[in-house]
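Engineer: Using the hints provided, position chain B relative to the given structure of chain A.
Heads up: the sequence lines are chains A and B, in that order. Residue 95 in numbering that gives the first Met the number 0 is what sits at position 96 of the first sequence, and the numbering runs on without skipping anything. Residue 172 in numbering that gives the first Met the number 0 is what sits at position 173 of the second sequence, and the numbering runs on without skipping anything.
The hints are simulated quantities; they were obtained by calculation from the structure and are not laboratory data. If you're wondering where the values come from, they're calculated on a predicted model, not measured in any experiment. Hints may be right or wrong, so weigh each one.
[Said to hold, decoys possible] For each label pair, taking beta carbons as the anchor points, the in silico distance ranges come out as:
1) A:Leu245 <-> B:Asp101: 22 to 32 Å
2) B:Glu107 <-> A:Trp202: 48 to 58 Å
3) B:Thr121 <-> A:Ala173: 30 to 40 Å
4) A:Ala242 <-> B:Gln12: 36 to 46 Å
5) A:Glu7 <-> B:Ala208: 45 to 55 Å
6) A:Arg14 <-> B:Glu107: 19 to 29 Å
7) A:Leu180 <-> B:Ser169: 56 to 66 Å
8) A:Leu195 <-> B:Glu124: 41 to 51 Å
9) A:Arg2 <-> B:Gly63: 24 to 34 Å
10) A:Phe26 <-> B:Trp122: 43 to 53 Å
11) B:Gly21 <-> A:Leu245: 28 to 38 Å
12) A:Thr192 <-> B:Gly128: 54 to 64 Å
13) A:Ala141 <-> B:Asp101: 35 to 45 Å
14) A:Leu245 <-> B:Gln12: 21 to 31 Å
[What the hints assert, rightly or not] Below, in silico cross-link-like pairs of lysine to aspartate or glutamate (EDC-like), each with a Cα-Cα straight-line distance of 20 Å or less:
15) A:Lys15 <-> B:Glu190
16) A:Lys15 <-> A:Glu101
17) A:Lys15 <-> B:Glu7
18) A:Lys15 <-> B:Asp120
19) A:Lys15 <-> B:Glu85
20) A:Lys15 <-> B:Glu124
[To be verified] Calculated from the model, a selection of chain A residues having no Cβ within reach of chain B, i.e. all distances over 12 Å:
21) Leu18
22) Phe25
23) Phe29
24) Leu41
25) Glu54
26) Leu92
27) Pro96
28) Asp166
29) Ser167
30) Ala174
31) Asn176
32) Glu197
33) Thr218
34) Ala224
Using N, Cα and C, we set each Cβ at its ideal position, and we do this for glycine too.
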Amino acid sequence: MSRVGRIESELTAARKAFLRRRTAVFFTFFFPLLIVVIFGVLIQTRPGDGGLFTEPPGYYVAGYLAVVVLFTPLSRVGSEVARHRSGNRFEKLATTPLTRPEWLVGQTLVNVGIIGLAGLLVLAVMGGLTGTTLVLTPATVAVLALLVAVGVALFCGVGALLGSFADSQDGVIAASNGIALPLLFLSETFVPTTLLPEWLPTWLSPLTYFSRGVRAVATSGDVSAGATNLGVLAAVAVVVFFAGALALPRTD
Amino acid sequence: MDEVLVAEDIRRQYGDTVAVDGVSLSLSAGEVFALVGPNGAGKTTLVRALTGTTDVEGHVALFGESPTAVDRDRIGLLPQDCTPHERLTAAELLDYYAGLYDEARAIEAVLEDVGLADTADTWYENLSGGQQRRACVATALINDPDLLVLDEPTTGIDPAGRRSLWHLLSGLADRGVTILVTTHYMEEAHELADRVGLLADGHLAAVDAPDALVAEYGGQSKLTVTGEFGETVGSDLPWPVEQSTGQLTVYEVEPRDIGAVVDRLEQVGADYGGLSWSEPDLEDAYLELTGRDVTATAPLATGGQQR
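Looking at chain A on its own, in the form it has when it is part of the complex:
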């Protein structure tokens, strides 16, 4: 079986296994919608009035997308690694031709599909509820899609690292929340840099480049800026993805 065939087999099994966990499917799509409804509809943005949500509604598209790009891969891949560890699946897989990077590619593709759908849903609901209009040209849509896919790959790598080093599935969930929450609010997603301390190095967070890239293409139509941020995000994603793949255990 070719590399593509092995990844396809992993992808198919992972997709079926996920889609048959109804609670997980429901909340994967419900959680980001909840964020949009709470922040975009209930709290609403008040440009110029001060407070937390001071920017125009379009500013927050990056934040809403970041919720799904960040939380879902971290918790899903982290939990999947923990499940594989407790079920000795990696021990079994280590004696098959499937390599660890191939396994993670399979899992990542499933996440790209799920999060791609969730992202579309978020954008549709956001547009419907807040009246936000986005700059949608073939170029901006392409860069936006790549930002989401690369962001998912990056955080799948982080999830693999968490799942490999945490000592239990509970530990994975706690650790992923502990990492995701500060990243979400300190990466130019919901909170602009003007409201953060100057010394805070938001540039260290890879999610910052996701936010900047999404905002550049979706609200400004600046494909060049979007591509630049995509490049930074991709460079970090490659490193983190392979670190995550190599951290996957052969056995415990």
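Structural biologist: Chain B alone, transformed into the frame defined by chain A:
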């Protein structure tokens, strides 16, 4: 014969605990080798060492290559605790593993082999414990391996299913598949294996054919009588005896001699409730080799030839 698996002086330590220490063994093509030992003896660690899923000191070669470099199409592994995707059906589970190999057997045929043809479309989590174990065994067979490594394959499987699996494995061995199986069922090892390795505290205490191990270490046949006897009930018997409260054990008795023992019991008016005769088996050999000989716990021998 060609050596499929060679291990020399394998050692694996976890912290202060030595799980496997100085184990050497080799398996030839078509051989069935059983690693026998209780929980904690080091079986699973040794399996991981031999399949390259844990790092060890010493040398391991599968088909002449390192376990991590060998062609993985040639190996089939059943880990001890195997929990695959719970919400895939048995057929989907096999389809998944089949997709990882260059060539794989027909899924229906493998399901038939392990007795799951009728439950092919049942989610793994809805199978019974024994069926789940058989589904896991099937994942080790799907690539038609040359070397099959099964860590306690029959745990949780009912007696009929166990015998069915033994039959399947024997058939594979007849076709030239080399099989390494771990078990704590002595009967299973005796039934299946060409050679048995008795593992205790990380050491291989002995390796030989089951009958040879029993002959060398298993001791004698014995007749066990339960009931109420006087202290001298066995004194006139021409065989070694051990006696404890409510039990008389007579060693080296052949079946044809049982009548003589019964006559003696009748002579002294012993009130005996049951007799059972047994030949030594692998369990006796294991207990003898590891210093935990059950017969040694029987005190108060009286009369006859003391052991």
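Engineer: Give a verdict on every hint.
Structural biologist: Verification of the supplied hints:
1. In this structure, A:Leu245 and B:Asp101 meet the distance hint of 22 to 32 Å, their C-beta atoms being roughly 24 Å apart.
2. Checked against the hint of 48 to 58 Å, the pair B:Glu107 and A:Trp202 passes, with Cβ atoms roughly 57 Å apart.
3. A hinted range of 30 to 40 Å for the beta carbons of B:Thr121 and A:Ala173 is consistent with their spacing of about 34 Å.
4. Hint check: A:Ala242 to B:Gln12, Cβ distance near 28 Å, so the stated range 36 to 46 Å is violated.
5. The beta-carbon spacing between A:Glu7 and B:Ala208, approximately 46 Å, falls within the hinted interval of 45 to 55 Å.
6. Separated by about 23 Å at the C-beta atoms, A:Arg14 and B:Glu107 satisfy the suggested range of 19 to 29 Å.
7. The hint said 56 to 66 Å for the Cβ distance between A:Leu180 and B:Ser169, and at roughly 58 Å that hint holds.
8. Taking 41 to 51 Å as the suggested C-beta distance range, the pair A:Leu195 and B:Glu124 conforms, at roughly 47 Å.
9. Range check, A:Arg2 to B:Gly63: about 25 Å between beta-carbon atoms, so the 24 to 34 Å window is met.
10. Take A:Phe26 and B:Trp122: their Cβ atoms lie about 21 Å apart, and the range 43 to 53 Å is violated.
11. About 31 Å separates the C-beta atoms of B:Gly21 and A:Leu245, a value consistent with the hinted range of 28 to 38 Å.
12. Between A:Thr192 and B:Gly128 the Cβ separation comes to about 57 Å, which falls inside the hinted range of 54 to 64 Å.
13. Taken as a hint, the range 35 to 45 Å holds for the pair A:Ala141 and B:Asp101, whose Cβ atoms sit roughly 36 Å apart.
14. A beta carbon spacing of about 24 Å between A:Leu245 and B:Gln12 agrees with the range 21 to 31 Å that was offered as a hint.
15. A distance of roughly 40 Å separates the Cα atoms of A:Lys15 and B:Glu190; the hinted pair therefore is violated under the 20 Å criterion.
16. Between the alpha carbons of A:Lys15 and A:Glu101 the distance comes to roughly 18 Å, so the proposed pair stays at or under 20 Å and holds.
17. Proposed proximity of A:Lys15 and B:Glu7 is contradicted: the alpha carbons are some 43 Å apart, above 20 Å.
18. Of the supplied pair hints, the one linking A:Lys15 and B:Asp120 holds, its CA atoms being roughly 14 Å apart against a limit of 20 Å.
19. With a C-alpha separation of about 11 Å, the suggested pairing of A:Lys15 with B:Glu85 holds against the 20 Å cut-off.
20. For the hint linking A:Lys15 to B:Glu124, the alpha-carbon distance of about 14 Å falls within 20 Å, and the restraint holds.
21. The beta carbon of A:Leu18 is not kept farther than 12 Å from every beta carbon of chain B, the shortest such distance being approximately 9 Å.
22. Residue-level check passed: A:Phe25 sits 15 Å from the nearest beta carbon of chain B, beyond 12 Å.
23. The beta carbon of A:Phe29 is kept farther than 12 Å from every beta carbon of chain B, the shortest such distance being approximately 20 Å.
24. Every C-beta of chain B lies more than 12 Å from that of A:Leu41, the closest at about 36 Å, which supports listing it as non-interface.
25. Look at A:Glu54: its CB is around 43 Å from the nearest CB on chain B, clear of 12 Å, so calling it non-interface holds up.
26. Look at A:Leu92: its CB is around 8 Å from the nearest CB on chain B, not clear of 12 Å, so calling it non-interface is violated.
27. Annotated as non-interface, A:Pro96 brings its C-beta within 12 Å of a C-beta of chain B; the closest such distance is 5 Å.
28. Distance check on A:Asp166: its Cβ is at least 15 Å (rounded) from any Cβ of chain B, clearing the 12 Å threshold; non-interface status holds.
29. With 12 Å as the threshold on Cβ separation, the claim that A:Ser167 sits away from chain B holds: the shortest Cβ distance comes to roughly 15 Å.
30. Residue-level check passed: A:Ala174 sits 22 Å from the nearest beta carbon of chain B, beyond 12 Å.
31. Listed as outside the interface, A:Asn176 is consistent with that label: its C-beta sits roughly 25 Å from the nearest C-beta of chain B, beyond the 12 Å cut-off.
32. With a cut of 12 Å on Cβ distances, A:Glu197 stays outside the contact zone with chain B, its closest approach being about 48 Å.
33. Taking the minimum C-beta to C-beta distance to chain B, about 41 Å, the non-interface status of A:Thr218 holds against the 12 Å cut.
34. Here A:Ala224 stays apart from chain B, with its beta-carbon at least about 42 Å from theirs, past the 12 Å limit.
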